[in-house]
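Peer 1: Residues per chain, in single letters:
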Amino acid sequence: MACEVAGAPRGRGAGNLNETAGRAWPPEPSAGPSAPVRVIHELLHHLPGKHMETHLPDPMIPSPFVVQKVKRETPDTYTLALTPAGAAAPFAFAPGQFNMLYAFGAGEVPISISGDPADPKRLVHTVRDVGNVTRSICRLEPGEALGVRGPFGTAWPVAQAAGADVLIIAGGLGMAPLRPALYSLLHRRGQYGSIELIYGARTPKDLLYPRELERWRGRFDLRVHVTVDSAEADWHSNVGVVTKIIDRARFDPPNTVALVCGPGVMMRFTVMELLKRGVAPESLYVSMERNMQCGIGLCGHCQWGPFFICKDGPVFSYARIQDWFDRREV
Amino acid sequence: MDTTASILAAHPFFKNLDNRHLQVILSCASRENFTPGQFLCRDHEEARAFYVILHGRVSVEIYRARRGPVTIQTLGEGEVLGWLWYDQPYHWHLDAKALDLTRVIRLDVGCLLEKCNQDHDLGYELMKRYAHHLAVQFRITKLQLADMYG
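Protein sequence lines correspond, in order, to chains A and B. For the record, in the first sequence the residue sitting at position 144 is 152 according to the numbering used here, with numbers rising by one throughout. For the record, in the second sequence the residue sitting at position 102 is 184 according to the numbering used here, with numbers rising by one throughout.
Read the hints as simulated data drawn from the structure, not as lab findings. Quantities reported herein were computed from a predicted structural model and do not represent experimental measurements. Some hints could be false.
Taking lysine-lysine and the DSBU-like style, the derived pairs with C-alpha atoms no more than 35 Å apart in a straight line are [said to hold, decoys possible]:
(1) Lys210(B) to Lys224(B)
(2) Lys284(A) to Lys210(B)
(3) Lys224(B) to Lys284(A)
(4) Lys79(A) to Lys224(B)
(5) Lys224(B) to Lys213(A)
(6) Lys213(A) to Lys129(A)
(7) Lys77(A) to Lys129(A)
Next up, chain B with everything else stripped away, as it sits in the complex:
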């Protein structure tokens, strides 16, 4: 198992994934680094990547004309960015900027979708993980909406 494979296998999003599926996903993977201030994605851009964050911190921002960028979430080691690529027309809805030196595994979305279409078992496995991830995100969003520190 090469380094990228072992790192991906240990990542919470891909943990306990069948090795056969892991190898397929690896064929869509590449390593990338982002320096502080560098954007991983920009609002309205085509969503071509799904990022698996290995190290560093990323701020997810919404741009507001009067206030400028507002950070609505920070992501770090063990988290993923880009789950909305599953939703057509595959455009980013947010900006994401590296706060520190950030190392990621970049999964090519086109490649990943193609593999999922070819192997429905893989597609279902990934979809289950997405569903869990979405449930967590919804819970977090609801708490933020509740203004719970007020």
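Bound-form chain A, shown alone:
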């Protein structure tokens, strides 16, 4: 899937540096030596002992965070609320960015931030237990610690969407990286036209944040469409794929910004449907995922064609990546 963790060290989507509202590593290189050398130089400038006047944290050194609360969302997915150990500064981030979470003794994984950007004192991550590292993270209890590097990557274009209708389409765990975007949109609700959330999951038991979905559904300024692939008789909402639900959403395609996150196949068909209805490729944003490890575009593990998902993404406008979006060989 595109937007959340995948087993042992794996990727977490990419995005567009120009759209990033938070800190992005490395800084944009300038003219001079070749790009990788410049990048390394830039990074060396931020190492302890060099140029100590900078207050930017070293992107390769995890900061200790303490687990405050663990909530089981689904049988294999947990949401952890973390706070910095000691007197560290609040953790500012932009919706759509991710952190590298380090389970001591197990390893590191890229995980989207799923909390509210307006509440930087509490860092929230939703993690699915699919491998050794994520299992270690999911088994953490309140009071235990883990390492955090980040935030990395680009953000959902929340500010740029002002004045437009906003269509949020999430599939499975893709709801986690989209939740901060929805929080931000709702904090400045008056700036947008209609806001529609379409969220699909395998079964009702696989839905993330069910109480919050109910709360959102009760609002008059947000329309929520939840759908599952199959359900028992006690389920009274939609059954069917997310692409089918798009017809029920109210939006003006040429004046709509669409934010899409979910497994690759879901995003591919969703993008097709949105383009067919007239949403502009420049207004269509997806969050991609690859094997992200360093988080700053140095190691190359998350390279996807000409992009590094960790620093150019995870959030991309479709117009920027359309030549690569459907290519199976990359």
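We have chain A already, so just place chain B on it with the hints.
Peer 2: The following block gives chain B in isolation, referenced to the frame of chain A:
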């Protein structure tokens, strides 16, 4: 144009249909309401109706002995139920139950088939719409089979 005609003309399945054809279809049409929990059709029953959903929601279910009814699809305003009546021996293969108060236009299948046989232009027009509807249904089914949220 009476209310049923104008509603049918505006429905996505019949949109832009020639008025002459619309009038023929109307001769097979009646309005029906279903209360929540009421079945529009049951598995194995003879398929005598093609439902054009105007309002409300319908769950399409398969009954499984160990799990009971499993909802595989929900239908709502602007959708149709019963396209399999074109396939002999004209029996329903699923249960369909109203989830909310549901208003439909019921088209009598026997009447519709007879009209299509009398007027092949009408038959072809309806068949084209069925073909499109089937293509969409197949696409949706393939996505469901792909277990795309896994």
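Peer 1: Hint by hint, which ones does the structure fall short of?
Peer 2: none
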